[in-house]
Structures are given as C-alpha cells and as structure tokens.
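Number of protein chains: 2
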Amino acid sequence: MSNEGATLYLSAFVDELVRSGLKHIVISPGSRSTPIAVLAAEHAELKVWLHIDERSAAFFALGLAKRSGQPVALLCTSGTAAANYYPAIAEANLSRVPLVVLTADRPHELRDVGAPQTIDQLGMYGSHVKWFVEMPLPEANVSMIRHARMVAARAVMTAGAAPTGVVHLNFPLREPLLPELGHPQLFSAERRADNVAYTADIHAPVGIAKDQLLDLSTELLQAGRGLIVVGPCDDKDLANRIAALAELLNYPILADPLSQLRSGVHPKAHIIDSYDSFLRIEGIVKELQPKLFLRFGAMPVSKPLLLYMNKYIEAKHIVVDEGGWRDPTLLMATRITANAAVLSQQLVEVLREQEARKLISNLDQAEAAHSEQRAWLSRWQQIQHTSAGVLEEVAAHHHDGELFEGTVVKHLQQLMDNGSALFIGNSMPIRDVDSFWRNDEKEIALLANRGANGIDGLVSTAMGVSALQRGTVLLLGDLSFYHDLNGLLAAKLHGLDITIVVVNNDGGGIFSFLPQSTLPNHFEALFGTPIGLDYEHAAHLYGGQFQRISSWEQFQEAFRQAQASGGLNIIEIPTKRELNVTLHRSIWPKLTKALVSQ
Amino acid sequence: MSNEGATLYLSAFVDELVRSGLKHIVISPGSRSTPIAVLAAEHAELKVWLHIDERSAAFFALGLAKRSGQPVALLCTSGTAAANYYPAIAEANLSRVPLVVLTADRPHELRDVGAPQTIDQLGMYGSHVKWFVEMPLPEANVSMIRHARMVAARAVMTAGAAPTGVVHLNFPLREPLLPELGHPQLFSAERRADNVAYTADIHAPVGIAKDQLLDLSTELLQAGRGLIVVGPCDDKDLANRIAALAELLNYPILADPLSQLRSGVHPKAHIIDSYDSFLRIEGIVKELQPKLFLRFGAMPVSKPLLLYMNKYIEAKHIVVDEGGWRDPTLLMATRITANAAVLSQQLVEVLREQEARKLISNLDQAEAAHSEQRAWLSRWQQIQHTSAGVLEEVAAHHHDGELFEGTVVKHLQQLMDNGSALFIGNSMPIRDVDSFWRNDEKEIALLANRGANGIDGLVSTAMGVSALQRGTVLLLGDLSFYHDLNGLLAAKLHGLDITIVVVNNDGGGIFSFLPQSTLPNHFEALFGTPIGLDYEHAAHLYGGQFQRISSWEQFQEAFRQAQASGGLNIIEIPTKRELNVTLHRSIWPKLTKALVSQ
Chain Z
1 MSNEGATLYL SAFVDELVRS GLKHIVISPG SRSTPIAVLA AEHAELKVWL HIDERSAAFF
61 ALGLAKRSGQ PVALLCTSGT AAANYYPAIA EANLSRVPLV VLTADRPHEL RDVGAPQTID
121 QLGMYGSHVK WFVEMPLPEA NVSMIRHARM VAARAVMTAG AAPTGVVHLN FPLREPLLPE
181 LGHPQLFSAE RRADNVAYTA DIHAPVGIAK DQLLDLSTEL LQAGRGLIVV GPCDDKDLAN
241 RIAALAELLN YPILADPLSQ LRSGVHPKAH IIDSYDSFLR IEGIVKELQP KLFLRFGAMP
301 VSKPLLLYMN KYIEAKHIVV DEGGWRDPTL LMATRITANA AVLSQQLVEV LREQEARKLI
361 SNLDQAEAAH SEQRAWLSRW QQIQHTSAGV LEEVAAHHHD GELFEGTVVK HLQQLMDNGS
421 ALFIGNSMPI RDVDSFWRND EKEIALLANR GANGIDGLVS TAMGVSALQR GTVLLLGDLS
481 FYHDLNGLLA AKLHGLDITI VVVNNDGGGI FSFLPQSTLP NHFEALFGTP IGLDYEHAAH
541 LYGGQFQRIS SWEQFQEAFR QAQASGGLNI IEIPTKRELN VTLHRSIWPK LTKALVSQ
Chain U
1 MSNEGATLYL SAFVDELVRS GLKHIVISPG SRSTPIAVLA AEHAELKVWL HIDERSAAFF
61 ALGLAKRSGQ PVALLCTSGT AAANYYPAIA EANLSRVPLV VLTADRPHEL RDVGAPQTID
121 QLGMYGSHVK WFVEMPLPEA NVSMIRHARM VAARAVMTAG AAPTGVVHLN FPLREPLLPE
181 LGHPQLFSAE RRADNVAYTA DIHAPVGIAK DQLLDLSTEL LQAGRGLIVV GPCDDKDLAN
241 RIAALAELLN YPILADPLSQ LRSGVHPKAH IIDSYDSFLR IEGIVKELQP KLFLRFGAMP
301 VSKPLLLYMN KYIEAKHIVV DEGGWRDPTL LMATRITANA AVLSQQLVEV LREQEARKLI
361 SNLDQAEAAH SEQRAWLSRW QQIQHTSAGV LEEVAAHHHD GELFEGTVVK HLQQLMDNGS
421 ALFIGNSMPI RDVDSFWRND EKEIALLANR GANGIDGLVS TAMGVSALQR GTVLLLGDLS
481 FYHDLNGLLA AKLHGLDITI VVVNNDGGGI FSFLPQSTLP NHFEALFGTP IGLDYEHAAH
541 LYGGQFQRIS SWEQFQEAFR QAQASGGLNI IEIPTKRELN VTLHRSIWPK LTKALVSQ
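Protein chains in written order, with the numbering used here: chain Z, 1 to 598; chain U, 1 to 598.
Derived from the structure by calculation, the hints contain no laboratory data.
Don't take each hint at face value.
A pair holds if it fits inside one copy or across any two, identical chains being indistinguishable in the list.
Said to hold, decoys possible - Once the Cα atoms are required to be at most 25 Å apart in a straight line, the calculated SDA-like pairs of lysine to any residue come out as:
(1) Lys410 to Gln70
(2) Lys303 to Gly389
(3) Lys576 to His399
(4) Lys576 to Gln70
(5) Lys316 to Asp112
(6) Lys492 to Gln547
(7) Lys23 to Leu579
(8) Lys442 to Ala269
(9) Lys303 to Val113
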C-alpha cells in the first residue's frame, strides 16, 4: 500500500521543525510512532537521542533544552508511554524550559473502543502545556502539507516564546506506518526555498518605555534601603548588567545559587550569598529593615529569605518577569512585564544618563537617600563577610571521621573546572549549595529543576545537560538517585561523560529538619525511609565506575580520577542524618555570636 | 499551634475509608502529605505499603487492587510526585481497577504563584478518572467532618462501582502539618456507631429483564453457527457459568488467556485456546463462517481473532458489558449492559427452563439450527485438537541449544503450583501465552495490564499481586524489566516472594515481526534497541537471587529452587530475536499442513 500521504505530510513536519531551529529529538521506541521516528532519524540535521523509559526520556530532553536554551522535541508511541512524560512536562512548564512533545495516537476509529495501547491523549497534560494541537490524519495535498509546516514552525516558536514552555502535538496515525524513504519529495514538499523557514520568527525581548523607565529609576534611587534579589535564572547575559545596576544604585544583590551570579568574572562586590544563613537570626532580620525589593528571575530557593520578604509589608516589592505570576510572598506591589536582561540594561543606561546630567530634581532628598543606601549596602557587605567566614569554618571542620554534607559543596567548588556545570538535586543538596557555595571568579553553571522541585528525573536531566556540556557534575541525595536510576542508561547508550556525587544518608535527610522527626512510631517508616541500596551494583549495571569515599582526601582523589577518565562515574559520600542535622543547626549559634560581637 | 481542624477532619476521612472497606494504602514519602500519611499509619485497620518512586507505587497499588478486587488508596505529596501516578491511573482506568488517589496540595494562597513543589493538580488526570474532588481546607466543625466521611465513603463506592475505576481527591493542606495523635476524638468524630459505615453501599450486579432474556436465548439457540468469546476478565465466578452456557448452546468458547477460563476445574470441552494460531490460516477463516458472537469481558489479546471478527459484517456481534464501549471491531450489533456472571447465569437458567418445557415454538427450525450448531462445534473442537498438538510439538522441539521463547510458557504451566498466579508482560510474553498456554485443570490466575498494554509498571504491578497471592510469577521481556527496575525495591522493603522470569532477547523483540524490520539503516537504533544490561547486577542491587539459564533443564531446576527459597528470584532466559521470529513463523506452515490433511 502506498504511504505517500504520511510520507509527505510528516516529512514536511519534521523538516520544518529543523528549519525552525530545533536540533534534538529524544525518541522512545514504539510501533505507532514509527513514521515520525524513522523520518527524524533520516533527517540529516536532526540529532536523535534514544531512551527506552519515557519518563527518563522526557527529563533528558528537559536537560538538553535547559542547557541549550532551545526547544527540544520528544517522541513516543500511543498509550501510557505518553503519560510517563507528565512529570518532566510539569517541571518544564514551571521552570520555563521549551519542549515540543509529539505523541503518536490511534486514529479516531480506534479511540475509546477498547483498542490496544489507546488512551485519551487529547489535552492529556491539561494546564501544564502552553499549546495543544490534535493533528489531522496525514494527507499529501498542498494545504495539508502547508499545515504540517505551519504547525511545526508555530510549535517551535510557541515553546520558545517568553515565558518559554511546553507544546503538545498529538498525531493520529493509521497503518501502513512505514514512510517511503525513497520518495523524491521527502522533506522538501512545500518548502519555500532552501535555507528559508516556512515562518520566520522575528521578535525582540521586551523592555519598558522611556517615561516608565525614568519613574522607575527615580524610585530605585530614592528608596534608601533597596535590595536587588535575583532568583533562579539561566540567562548568562544577566550577571554583568545586574552587577552594573547594583553599583549605580548602591544596592546589595541577594544572589540565589541558581541566579548564575555567584560564579563568573562579572563584578561581585555587591553579591550577598550567605543570606540563607544570617536571615535566620532574628536580630539581623529586625535590623535589616528593607524599603524596596527589585526582584528578577524565579523566587529564590531560600526559605529564610522568603520569610524576611514576607515580614515587611511596607517594603515595596517590584518583580520583573516576562509572564506568569511568580510571587509566593503575595506582596508584589509592582509587576514589570519585561525581560530581565533587557530591563536591567535599560536601567543601567538611564541611570548613567541621569548621573551624567544630574537630572534628579530634588538633590537634597536624593543625597539623603544616597547616603542611607551606602550605609545599608556596607552593613550587608559586612554581615556577608562575617557569615562567609563562619560558613567556611563550619564546612572546613573535621568531625572525627564523619563527613558533613555541607563540606562537599566546598570541595566541588574547588575541584570543578572553569566552564563546567553543576546540576544540583532538590531537597538537601540545593540548600547546602545555597549555604556553602560562595561567589567566585570561576565560571561554573549552577543548574537544578526548580520549577516543581521534584526529586524525580534528576539523573536524566543532568544526563541531558551533560550531552551538551563538558564537565557536568550531578550532586544529589540517595533517594533522588534511586528515583531515576533508569536515567543512567543514557550514559551507556550515548557515551556521556558525567560525574555523579551521591550524598547517601540512607533516606530522606530533609525530614529530620521537620516537626515529624519527633514522631516516635512513624518517623522512620514514613519519612526516614532507609532503603539500604548498595549503589555499586547500579554502577556496574550501567557500566560506570563507582567509588565510596570515607574522607575528603579520598573524595578529591576520586573526583580527579573521574574527571580524567570520563564516562559515567559515581562517587558515594556516606553521611549520617542525625549528625547532619546537628551540624547544620550548629551554624546559627556560631553565626549569631560572630555577628552580635561586631 | 493547635491542629485540631486537620486532625479531626482528616482522621475522620481516613477512618471512613477503612469503614467503607478499604484495606491498603500505598504511600510515598513527602512533607505536604504528612497529616494523611501519619493518620493512615496510625489507623489500626489500614495496611500501609511504602514505596519511594510514585510511578512504581501506583502500579503496586494497581496490583493490590487487581488481585483483591477491592479499591486501594494511594497517597503522595504535592508537585511532580502526583504526575508520576499518571501511567498507572491511565492503565487502571482502562482495565477497570479500583483506585482511590489522594494527592496533597498547597493551599490556595500558594498556588500558581511560584511556590515550591506546587503544580496545578486540579483535574490533573483529565478524563482518566471517574471522579475528581478538590477537598476543602480541613475544618473541625460537624458539617465538615461529615463531609470528610461522606467523600471517603463515596470515593470507595465510586471507584468500586461498575465499571470500576479511579477516583482522585486533592487535599489542600496548611502548616502545621502534624496531626494531634493524642486527640480523644481521633478517628471517631461523627462516626454513626461502631462497626457502621457512614454510608452503606447496597447494590447488586445487574442482569436483564425476563422478556429480554427469552428473546436473547431464542436468538442464541437459533443462530446455527454461534461462538462465545471471552476476553480478559478477572471474575472467577464466570468460568463455570460460561461453561454451562456453552454446553446448553453447543457453542465453542474462544477463551482469551486472561479470561480465567483456560485454567481451573470447570468443564472445558468447549474451550478453544489455539485460535490465535489457526485463525491466521486463510482457508480456516474462510471455512469457519460465523453467524453470531456472544462476547464477554474486554476485547481478547489475539489480533487474528480481531481480524476474523472484522471479516464478517453479517455475523451478529452481541457484547455483554457493564459500561464503557469496548468494541474495536466497530461491529457490535447489540450491546447488553449487564454483569457477565449474572447474565450468563440468567441465560443458563432460562435455557434449562426452556429445555425442560420444550418452549421453543418452531421445533423444526430449532432442530435444524441445533444440528448445524453441533456440527460447527465439533469442527472447532477438531481444529483445536489438531492445533494444540502442533503447538505442543513446536514448543517441545529442541533447537541446537537455542531457547525458543514460546517454550517457557509450557514449562511454567507444568511447574507452577495449583492456586498460584502468573503475571504476564505485554509485547511478546502475552502473545506467547496466548499461543502456548493450553487449558488445564490446574487453577492458575493469569493476569496482565491489558487496559493500555504498556511495557511500563509491570514489575510493580506483579509485586502488588504478590503481596496478596502466594506463588506469584512474573514473565516479561528485558525492555519491560528495565522500564520498571525501580519496582524491585518493593520486594526488598516488604519481603515479598516473587519469581521473575525475564526473556532477554536484548531489545524490542516484537518489532522484528513488523514491517520496519526490513529498514536497513534505522531498525536497530529505533526499534531493535539493544541495551545490553547484565541484570545480575540489578538482582544484587535489590537483594535478589539471580540465575541465567542456558537449557530448559536448568530452567526447571532454577524455578524449583526459586519457589523453594522464596524472596526475590530473577531467572533470565537468553534468547535470539531473529531465531524467535523464524520459529514463530514456522508454526503456520506446520499448522496449515496438519489442518489441511484432515
């Protein structure tokens, strides 16, 4: 039977994905998806990544898209395969990672009639995608092939438009499923011309108007006790601009570990990176009464910072965001819909102009605010300096052969290469990085899944990152590691280089910090949940190297070895949950003492 | 801070789940779900099963519910945890397994504002659940506690009502999250009385009216060439009734491997179990022209049977089902909305009455139909006899040390104990069981996930079955095994006894039967997908025994050892994909020769 309809329609679709800038597709094997899979593999400019487990496949795609900043496609067959994408889609939607999800489906006559491998796939990801399209049955006529190209172009564009996110296209497909790879119009039907996309995407990231900018800059200059807060954000252009802005405003910058502001060569005199520790101290929170927050990116990881922001309703919260509504404080007073890098650059320019022309009308008032702001900045810098010292000391301390979970962060920061990337697990690791990762010249991208903060899919996301990024290191806990052990297969199938550092406290370490830790009967069974796995076997299963270390000297040696040898390397750091709580809690009295004595 | 509201509301809810008949809850650790988890663990009559990976947890619950026939609860925290339930929910919905899914959520003020671990959970499973309820914030007043009991009772009732399926309740919860376990009204607030459910569920499975029954029985008697088809169905009451019905009607019974009709002590003279093989032969399909199908249960696994049913539009298709619309033939002419066991019993009774009273009006016509039907039955029985012999021969044949995948089915049928259960993987294993599992006196439950036929979650579903069923064996392929390796943790955490037989042809064996097997460039990369894992490491990771066999003698020995030792046992059967195709395809000429020579 001829299969010209599917061949021309679907090859035009695949071709247009590529012409719209899409470079990677992650495919899981299946029968119904055969034509799209074969055409993707046949297209010279599309890189196919195979992954058997669709849950891991979707997180792998998330990692590729997160690192590249470009939409990545996913393809699976009909049925529960598509349901396995859900966790990564929910994460991508919230962390604004562009994905184009392609699901093969049975045609209409086989739906909802008990046909095999058929579930209701229409809108199956609900509000977690930006755009859903039920595709037509493939047809070879001109209008339909143009439709295929238009939807492909629009899908890539929509996923990549701010705020970036997920698009889902569902393809009903009939047998025969094999495309005609020898067809003379394969990939070329209804192309406008070579090297021309069907629909070119011209758009610029938005800033705000000049008069709005003048008002804003005046407000920022006159605040007196203003703060810049930068949450998770993958935009590399931001660091220099925010640094320049902070300098012009004399604002401290509270820089989340995922802000990309703690690492790199941009000026860092205003960076405050130990606030998660010192904002736990009541006296400090009381002393540091803010008047204005200018916030960029997602909400920072730190809970003490959230509580600090929540405390002062009279402080003005200004949030810069390209869309959505990311403000769990519920105190946002002004929302600026703009791109963070563009707006900060606009502000820098207008402030420099104003400085040059001395345009500020009320000079006395400006001078008063200015000097208050300087004093405010220097107090933050002083606290930062002291706190960093205390944290350094805690991380460096030896505890009779026991390994403190915070210390690994210091070692990673020292050991990792310039230009590498650290992918950070949720639960304890991201909090430890927040506490112990100091700002530094070395350019290390700090990445995590902070849309929904799941412990699922971390191995696969880091694998996706490692596919496009040399020197990728994953730091995560033992339960997260277990949750996505399947993700290790990608390293084996695709020869990836990655070093995985597993902090193994045999269970859910974070729960020891919560009130349930006092429950005598149920704590270990429901929250501690030790699972007692020896991950050396997991390393062997997937052809990786494994080392369990018992000292930091061993860790350094193991890490250097791993970096040198390449491939899949797993380094396990055995720790104790109780000791970890004790050591974390020992920070606050030390810090209080150091800060009060100032 | 007092937490009386959550304590009374949620403990009444948990108590009422139990009073409504729910016995098992599968919990994954998390913070937001703390109050429900702690109360479930505290309730004396609820069995808590912990599982870290929510995807595996949900399939484990599916297995518990499938084996017990009773609703089972699931509990997870907010965020992507809940998204991991999706594959099992889609499967449970289609295979009609009752689940009560409880998801903890952030309260309204923390939704859609970028708060951590917060995704849109309202209706997040779309059309894949029967009932969704957004619960209120817990409150301790009388109306609200009654509401908690009512929803719990209604959830269990709704999940368990035919057609059984999935209910989703979403709980917004505020801190503090710890319930007051010492509260005097813990679990007892607004109970009607001890041992009394809040809302008792009285209902009977439905049959049809007497006059409808008389018409139907007449039609069945006069059909001449009628067939009973029984698809997947877990109802143990069905076998004897269908056997009696077939005897009264002189109908052959085409019994799916999952119909529970192939194994057990019910009469089996009318059972045809080799149709998947002989309905591939054109001459036989042509000869066996049917006039009426009376179909029970889901659509059978066999594709040749589907094609056979599709071929004859003039044959009358009667489908007995309690709801839904399970007819991929699109040829259903009469739909009887009734319970299969009730209806077959009604038919047996009315036919016996009719026989006793000789009520059929037109005796000549009846006699003609009767004798046509007898000849028809005996021809099916003859073909069945011959085909079973050929299949027996193929399975018994030795192939120079190579192991044929079909042969394992014969060995399992011989080796497994009376009263045990075989959980069968999708893709090739279910097809091999269809071909090679002959009807037999031994009572062995044959189970599978045939709602959406996924290769995901099979290990966990079988683990759930094994928790309630002695002698559980899982037969599956290597890709399915990899997909749910995480499911093995349940055996370790809960000390389960299970024997897992992995047919390892290093890849997707079923694709070798499809047209893409001829694609020179893409077949192995996209469909064959060898992943080369040595599963011995997986066994060690989860504390199981592992044996890789290289002869059927070794298999028998390994199987007996596994059954004797208990715990987690993995037996790997290495096979070759190409040889497997060749051997499967060798059946049809042999069968054709044997049947044509008759």
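Structure-based check of all given hints:
1. Lys410 to Gln70: So Lys410 and Gln70 fail the 25 Å test inside a copy (32 Å) and across (52 Å) alike.
2. Lys303 to Gly389: This pair counts as within: shortest intra-copy Cα distance 21 Å, inter-copy 71 Å.
3. Lys576 to His399: Result: close within a single copy only, 12 Å intra versus 55 Å inter.
4. Lys576 to Gln70: neither (40 Å within a copy, 41 Å between copies)
5. Lys316 to Asp112: between (54 Å within a copy, 21 Å between copies)
6. Lys492 to Gln547: both (18 Å within a copy, 24 Å between copies)
7. Lys23 to Leu579: Classified as neither: same-chain Cα gap 47 Å, cross-chain 38 Å, threshold 25 Å.
8. Lys442 to Ala269: Cα proximity of Lys442 and Ala269: one copy only (15 Å, versus 79 Å across).
9. Lys303 to Val113: For Lys303 and Val113, the Cα distance is within 25 Å only across copies (15 Å; inside one copy 50 Å).
In summary, the structure is inconsistent with hints 1, 4, 7 from the numbered list given earlier, while agreeing with the others.
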